[in-house]
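Trainee: Residue numbers (full-length UniProt numbering), protein chains in the order written: chain A, 1 to 315; chain B, 1 to 335.
What the hints contain is simulated information worked out from the structure, not anything from laboratory work. Watch out, some of these pointers could steer you wrong.
What the hints assert, rightly or not - Over the 10 angstroms line for every Cβ pair with chain B, so calculated as not near, a few chain A residues: (1) 1; (2) 16; (3) 51; (4) 54; (5) 80; (6) 91; (7) 101; (8) 140; (9) 183; (10) 212; (11) 308.
Claimed, not checked - Taking CB as the label site, the calculated pair distances span: (12) 12/B with 224/A: 45 to 55 angstroms; (13) 46/B with 224/A: 47 to 57 angstroms; (14) 4/A with 155/B: 17 to 27 angstroms; (15) 88/B with 8/A: 48 to 58 angstroms; (16) 88/B with 4/A: 46 to 56 angstroms.
Here the structure is a predicted model, which means the values were calculated and not measured. The beta carbon of each residue, even a glycine, is placed where N, CA and C say it ideally should be.
Residue-level listing of the chains:
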Amino acid sequence: MFAYLVRRLFLMLVTLFGISIVIFFLLRIVPGNIVDILFAAAGYVDPADKVNLEKELGIDQPLVVQYLHWIGGFLRGDFGYSYVSEKPALQEILPRIPITARLAGLALLFSASIGIPLGVISAVKQGTKLDYALRVFSLSGLSLPSFWLGLLILTASVAMFGQMPIFNPNPQTWLEAFATYAVPAAAVGFRSAALTMRITRSSMLEVLRQDYIRTARAKGASDAAVNYHHALKNAILPVITVIGIEAAFLIGGLIVTETVFNIPGVARFLVEAIRWRDYPIVQNLVMFIAIVVVFANFTVDMLYAVFDPRIRFTD
Amino acid sequence: MTEKSDIVLDVKNLKTVFFTNSGLFKAVDDVSFTVKRGETLAIVGESGCGKSVTALSLLRLVPDPPGRIVGGSVTLEGTDLLTLDEAAMRAIRGNRISMIFQEPMTSLNPVMRIGDQIVEAVRLHRNLSAKEAHDIAVEMLRLVRIPEPARRAGEYPHQLSGGMRQRAMIAMALACRPALLIADEPTTALDVTIQAQILALILDLQKELGTGLVLITHDLGVVAQTAQRVIVMYAGKKVEEASVEALFAAPKHPYTRGLMASIPAVPASGVPAQARLNEIPGTVPSLVRLPTGCAFAPRCKLAIKRCQEEYPPLADWGGGHLAACWRAAEVAEVA
Chain A
1 MFAYLVRRLF LMLVTLFGIS IVIFFLLRIV PGNIVDILFA AAGYVDPADK VNLEKELGID
61 QPLVVQYLHW IGGFLRGDFG YSYVSEKPAL QEILPRIPIT ARLAGLALLF SASIGIPLGV
121 ISAVKQGTKL DYALRVFSLS GLSLPSFWLG LLILTASVAM FGQMPIFNPN PQTWLEAFAT
181 YAVPAAAVGF RSAALTMRIT RSSMLEVLRQ DYIRTARAKG ASDAAVNYHH ALKNAILPVI
241 TVIGIEAAFL IGGLIVTETV FNIPGVARFL VEAIRWRDYP IVQNLVMFIA IVVVFANFTV
301 DMLYAVFDPR IRFTD
Chain B
1 MTEKSDIVLD VKNLKTVFFT NSGLFKAVDD VSFTVKRGET LAIVGESGCG KSVTALSLLR
61 LVPDPPGRIV GGSVTLEGTD LLTLDEAAMR AIRGNRISMI FQEPMTSLNP VMRIGDQIVE
121 AVRLHRNLSA KEAHDIAVEM LRLVRIPEPA RRAGEYPHQL SGGMRQRAMI AMALACRPAL
181 LIADEPTTAL DVTIQAQILA LILDLQKELG TGLVLITHDL GVVAQTAQRV IVMYAGKKVE
241 EASVEALFAA PKHPYTRGLM ASIPAVPASG VPAQARLNEI PGTVPSLVRL PTGCAFAPRC
301 KLAIKRCQEE YPPLADWGGG HLAACWRAAE VAEVA
């Protein structure tokens, strides 16, 4: 087990190293840098000024030197300064993380708490009208892009209530906080809920055919005990896998959702930073996200052993 | 004859049908039998003859859809199970009537500890604390002769061998001391050496607890060792019923005859082994398109015109020996 953990940790480091290279060079491939953008906006270009500014920011140096400079700083905890605000990158990123984390957490909570029970119901009632209705519902969830759903929600709330939900940066009560995050989280979590439901359904259908389900019924267990205690426990692994993967996909959905709902989280901030070629912000933020995703995957793998006693991590 | 109160299970005219895309078929057609306290009744037949559906019908566990019990009665200790609502039926399953399945490898929940699975069976029917139920579970594991029962109770099914798992299944089935135990091919999936042990265990416990036993098997060897009475099923119908002695001494149905003839005999020393096993030609007919007459007629050497036209009634040949065959009298002579 210990050897497995060490190997896993090493692999995670290799993955993160690969991501750092990819994000660094992809950013450099995109045409233009912050200086080009600033000078283009100014309309007047003095090549000497431009060279001076590039030199000041260090983006005139060879790419390898720039990379080593960044990654060395990252490892020491020195994340550099935002080109745009000139504040420390960490100071820009940190306050935005809780906002996005709450949004993502709530979205995942929605997808699990709606997707799993509906998937169980759909499987147990296989072939009935309820099952068909739920499957259509989940198909719609998979087909609606979250930004469009977000726009629909905004349009509908304007049409019906004459106003739209505005982000409240300082909610005073739990209820206010929930109200602030619930609508965008639902918009972005709908897709995950639909996917979770489908996976739960197919996984449950597989398990409900098993002999031990019949054994449980022969013991006199109730339908609820059979479905949730015996079947779901066996059917949950693929569902956890999907939720883990969805946690990563969620970031993509959040970028548009934060933009649509005008929420000052990291996802929207990332898009703006890319637009400005704000290298320190983009690179460090992507690395943070990558670390979260890699650890989410690791957690999912560890959960396998918790849910299925047959899985033990050995060497 | 024995007193009526001795009868644990009384099945009358049980009918279970399946609705499939290719039509309706009668998996169990008008089957009746009784089981007395402490008695073993064997149900014998080929695959697809309705043995297992009969067993599941007794517990009302036939998957619906596509299956449904459409007639008859299943009276357990004076209560007709077919008239009970689902909650009342649940209170009986695993409590007064329980079942052991064919596949010990897949019949236990892989993500629950063995002990917990027995505890669940106990606590569903007895108002006991978790601790008390756990003690009963360990005691049951000891009763089915699993070594180190306290440690095994904490293990998962994949940590046990097939024989051990079947022992655990038996422990679970008997945990509430049921009046009737149904064992559906309990030894078929096990190694031959383990088979005898498991059968002996079931019979010992049956004697100890006074449980009625319905043993479903296709193995006449097992029947001879264990049962007091036998019913032979073919294509969903009971074609013969007799005491074990009567059945083996003089089978009245050509199908039973055929089953017996297909048991390989161990050759005596010096005698050359039989070149080829006896077999019953053909296969069980599709239950969707059963012939009008006797379902066995197409495979029967004795079949006459009447067999194809009219289904033979169950006739009593004395001493409770029933057989449904027009030519029952000739069966013994031909063999």
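Trainee: Mind listing which of the numbered hints don't hold for this structure, in increasing order?
Mentor: Violated hints (numbers, rising): 10, 11, 12, 13; every other hint is consistent with the structure.
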